[in-house]
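> If you're matching positions, the sequence shown starts at 5 in our numbering and goes up one per residue.
Heads up, a few of these hints could be off.
Stated by the list, open to error - DEER-style ranges, computed between Cβ atoms:
{"no.": "1", "residue 1": "L32", "residue 2": "A55", "range": "37 to 43 Å"}
{"no.": "2", "residue 1": "R78", "residue 2": "A55", "range": "30 to 36 Å"}
{"no.": "3", "residue 1": "A30", "residue 2": "G69", "range": "22 to 28 Å"}
Simulated from the structure, these hints should not be mistaken for laboratory data.
C-beta atoms are modelled at their ideal positions from N, C-alpha and C, and glycine is treated no differently.
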Amino acid sequence: MSRSKFPNEVRGGALDYFALDELACAALREANARYWSSCAEKTRGMANRHADSATREHFMKAVEGYEALARGARGFRKCRSEQ
Numbered sequence: 005m006s007r008s009k010f011p012n013e014v015r016g017g018a019l020d021y022f023a024l025d026e027l028a029c030a031a032l033r034e035a036n037a038r039y040w041s042s043c044a045e046k047t048r049g050m051a052n053r054h055a056d057s058a059t060r061e062h063f064m065k066a067v068e069g070y071e072a073l074a075r076g077a078r079g080f081r082k083c084r085s086e087q
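Please put together the full structure from these sequences, using the hints given.
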């Protein structure tokens, strides 16, 4: 969380823990989605370097799995405000 956002989460001198929790959940979801998307891109690059179609197909199945994990991370709704 950046310092510029922090004062918005302080109300009456006490931290609004629910707001901080929601920010943390949103940040974690986005970080996880970026991580899995990055894995998909790296694996796609490895697949493209192989001439053998069976090897490429093997890598592309892994890419599909990583992309599914990224979609799942973006769609995950477990924060208090989203339940």
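> State, for the Cβ atoms of A30 and G69, whether the hinted interval 22 to 28 Å holds or is violated.
Cβ of A30 to Cβ of G69: about 24 Å, so the range 22 to 28 Å holds.
> Assuming the hint says 30 to 36 Å, is it satisfied by the Cβ distance from R78 to A55 or not?
holds (34 Å)
> So the hint says 37 to 43 Å: do the beta-carbon atoms of L32 and A55 match that?
holds (39 Å)
Taken one by one, the earlier hints all hold for this structure without exception.
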